[in-house]
Amino acid sequence: MGTGRRATALTLIGIVALWEIAGDLDLVASGALPSPSEILVAFWRDKADYWPHILATVRTAAIGFVIGNAVAILAAILFVRVPASERLARGINIAIFALPPIAIVPVLVIALPGEGARLALAALAVYFPTMTAMTVGLREIDPRVVDVVRAYGGGDGAVMRWVRLRSSLPALLGGLRVAAPNAVLGAILAEFGSGSRYGLGAYLLGSLGRADPARLWGIGLAATAIAGLGYALAALAAKRVTDASRAVTIASGAMPPAKGRGQQRIAIAVASFLLPFVVWWLLLWLGGLSPIIAKTPLGVFEYLFLPPTGASARERLLAALVETLPITVLGMAAGLAVAFLLAVLGAVRPGIVRALLPIALVTQTMPLVALTPLLVLIFGRGIAVTVAITVSVTFFPAYVTLAQGLAMVPRAAFDLVGAYGARGWTAMRLVALPASLPWLFAAARLAVPRALLGVMIAEWLATGRGLGNLLNQSRGYLDYGMIWSVALVSVLVSVALYQAAVMLERVATRR
Amino acid sequence: MGGGGRAVVIEDVVKTFLVRGSPLTVLDHVSLACPPGSFIALIGPSGCGKSTLLRIALGLEHVDAGRVLIGDEAPDAVRRRGEIGIAFQDPALLPWRSVTANIALPLDVLGRRGTARDRIPGLIRLVGLAGFEEALPGELSGGMRQRVAIARSLVTDPDILLMDEPFGALDLILRRQMNVELQRIWLERRPTTILVTHGIDEAVFLADRVVVLGGRPGRIVGIVDVPFPHPRPTTMFRDPAFHALTDTVSALLAGEE
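So the sequence lines, in the order shown, correspond to chains A and B. Numbering of the first sequence is given in this note's numbering, commencing with residue 1 and proceeding in unit increments. Numbering of the second sequence is given in this note's numbering, commencing with residue 512 and proceeding in unit increments.
The set of hints was computed from the structure by calculation and includes no laboratory data. These numbers were taken from a predicted model, which means no experiment stands behind them. Glycine included, C-beta positions come from ideal geometry on N, C-alpha and C. Misleading hints may appear alongside valid ones.
Said to hold, decoys possible - Computed, partial: chain A to chain B, Cβ under 10 Å:
1) L108
2) L112
3) E115
4) R139
5) P143
6) V145
7) V148
8) A151
9) A158
10) R161
11) W162
12) R166
13) L208
14) V241
Same shape as in the complex, but just chain A:
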C-alpha cells in the first residue's frame, strides 16, 4: 500500500516534470500543450474572469444534483415497492442512460426556457447512477430481518421504513459518488450547448476562438477540479456511513423474478417502449409550446416524411448517420481494445497500471467539451481526433469493468495451467481471456453511449461532419424539425447499440 502510493506519487511528479519540459520547449504540436507553469500563469491572469463562471457551473450542478437525485431516489423506491413499475419504466431508464447529452441540449433549450435546460441536463446526468445504485441497495437486504419485521405484523411499508431505506444508504452514497462529477459534467455540457452567458462551458466556448491553449487547459483543469471535488465529498460521506454499519452476516438478495403470464409481459414490454414517447408528448403538451419549434413524435414523423422537403431532410440525416455510425463503432472498438490491453497488463504487471491509473482518472473527470479542444490542438481536425476522443471517453469505464472481471478469475484456474508450466501471457490466453469475455460485453454496454457522445462532440466542435455537425448547423439555421430528428435518431441509435451489447452479453454469459 505504502510503496504503491509512493510509486504513484513519483509517477505523477515525473509526468508533471516531463509535461513542464515538453510545454516549455513547445515539443507537442508546436505549443498546443502548454506547460503547467504557463497554465498557472494564465489562470492567475484570468482569475477575475473565472469566478462568475465557476459559480454558475457549481450552482447549476448543485441544483441539478438535488433534483436528479430526488427523482432517482423516489423512482427507486417505487421500483422496489411495485416491481411492475420498473419494467414499465425500463424504456425511459435505458433512454436516459444511453442518450448522448449533447444531442438533446438543443431540444432541452427549446422546451425549457432559461436555466431550465441546464438544470435538466445536470439532473439527467445524475439520475441513472443514483437510481440503479439505490434500487440495488433497497433490494439487497437481509431476508431474515424482513422475517423479524413481518413477525410483528409489519407489511411492505414497514420493511421499507425500518430495513430497506437505511440498508440502501451505502449503495446510495456509492451512486452519489458517481453522480456528483456527472452533475458537473452535465452542467458544463449544457452551458456549452445552450449559449448561456456564464458557466465554465460558456467560458470555454468563448475562449475557443482565441489562440490561447493555456486558458483552454486552465478551464479544463478547473472543471476537472470541481468534478473531482464533488466525487471526493460524496466519497467522504460514503466512507463515514459504511464504516458505521458493516453487515454482520451476509445474505444474498435477488431481483424478484418477473411474474405474470407471457401476454402480460409482452404488454409491459411494449408499454415500456412507448412510454418515453408518451412522456415526450406529455411534457410538450403541458409546456404549451408552439408545434413549430417543439416537435412531438408525430411532428418529427411529419417533418421527415410528409412535406416535399422531407426527402431532402431524410437524405441529410441519413448521410450524417452514415458518417457517424462507423466511426462510433470504430472508436468504441479502439477504446475497448485499449481497456482490454490495460486490464490484461494490470493482471500480469500490476505495478505499471497502478502508476498509470491516476492519470487515467484525471482524464475521466475532465469534461469532454474541455478535453476536445485540447485534443484538436494535438491531433488536428481529422478522423484521428474523433477516434482519440472516443477512446479517451470509453476506455476507463471499460477498463474498470474488465479489471473487475479478470480479478474474479479463480486463483485455482491460474494455478492449474501454471502447474503445466504456463505462465504470463500463456496463462492469460488460456484462462483470463475466455473468463473475461462476458465482461467485455458488459464493458461495451457501458461504453456505447459515451462513444456516441464523444463522436458527436468531436463532430460538433472539430470535424464538421456527421450527426454532431448536423445538429450544430440546424441550430444555426433554426431548422427545428432537424434538431428534433437528430436528437431522436441519436438516442435511438444509442439505445439500439446498447441493446445489441446487452444481447451479446446475455449470449456470452449463458454458455
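Since the structure of chain A is provided, determine the placement of chain B on it from the hints.
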C-alpha cells in the same frame, strides 16, 4: 394480555413447496396442540420441516391444508398485536442499530411509544449484555448477537414465544446458561413456548413435551412427555431419569420407536 399464554393449535397441516417445478411435501398432516403456558420442544433431523412448522405457527407461511389457531384467532391477527415473540437461528440484527435499538425494533414496527421501552434495560441485563447497550452488532461476538435476538423476542412481553434454534450458534457452556435463563423467563411469564432445537438434552431439560419429527415428508413420529417439575436444576443433566428420557428421544429420532 400478560400472565400466562394462550393455546396454540396446529390442525392437520399440509405444506408443499415447488422444487424445480415438482411439488415436495414438507409437512404431511401434522397436528399439534400446545396448552396455554406450556413449553413444547420440536426436535428432528435437518430438513424435516420444523422451521417451516414454526413459520406456519407464526403465520408467515401459507398452508396447503389444515389450519393454525392461537386462542381462537388466526396467527396473523395475533402477530399484528405483537403478542408473538420470535427468535430465529440467525440473530438477524440490523447492523446500524445499537443493541438497545435492535431490541426496540419490534416496538418500532408495532408503533409502540413511551413506556414500552422501559423494559429494555432489564432485558439487556437478563441476557448478560449490561455495558453493551450502545454497541453495534459488528462489535459483538456471535453469542452476544444471539442474546440480543433473544432479548428482542421478549421485548413485547409476548403471550406466545417461538424460537428456532436460538442457541445453535452458542458454545455448550453458554448454551446451558441460556437454557437456565430461558427457563426462568418462561416460569416468570409463562408464555406458550415452542422451541425448535437440535439438542436432545436441551429439549428434555426445558420442555413439558418433546415432539419428535421425522423427515421426508415431515410428520410427527413420537411425543415424549417430560414429567419433571419446574424449575429444573442443572444437576438434572446428570440424573439417570433424565438420561432415560433423552435415550427415548434418541431412539425415536433414529427411527427405532
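* Asked: Holds or violated: A:V145 as interface residue toward chain B, Cβ cutoff 10 Å?
  -> 5 Å, holds
* Asked: Taking the least C-beta to C-beta distance, is A:A158 closer than 10 Å to chain B?
  -> Constraint on A:A158 satisfied, holds at 5 Å.
* To do: Mind checking the CB of A:V241 against every CB in chain B and telling me if the closest is under 10 Å?
  => 9 Å, holds
* Interface hint for A:L108, Cβ within 10 Å of any Cβ on chain B -> 39 Å, violated
* Hint status (Cβ of A:R166 to nearest Cβ of chain B, threshold 10 Å) -> Since chain B brings a Cβ to about 6 Å from A:R166, closer than 10 Å, the hint holds.
* To do: Under 10 Å, Cβ to Cβ, is where A:R161 needs to be relative to chain B, so tell me if that hint holds or is violated.
  => 9 Å, holds
* Given A:R139 as an interface hint, is the shortest Cβ-Cβ distance to chain B below 10 Å? -> 16 Å, violated
* Asked: Can the hint on A:A151 be confirmed by a CB-to-CB distance to chain B that is less than 10 Å?
  -> Constraint on A:A151 satisfied, holds at 4 Å.
* If you take the shortest Cβ to Cβ gap from A:L112 to chain B, is it below 10 Å? -> It is violated, given that the least Cβ distance between A:L112 and chain B is near 40 Å, above 10 Å.
* Is the interface hint for A:E115 satisfied, with its Cβ closer than 10 Å to some Cβ of chain B? -> Since the shortest Cβ distance to chain B is 38 Å, the answer is violated.
* Grab the minimum C-beta distance from A:V148 to chain B and call the hint holds if it beats 10 Å, violated otherwise. => 5 Å, holds
* Asked: Hey, does the A:P143 contact hint survive, CB to chain B under 10 Å?
  -> 9 Å, holds
Hints 1, 2, 3, 4 and 13 from the earlier list are contradicted by this structure; the remaining hints agree with it.
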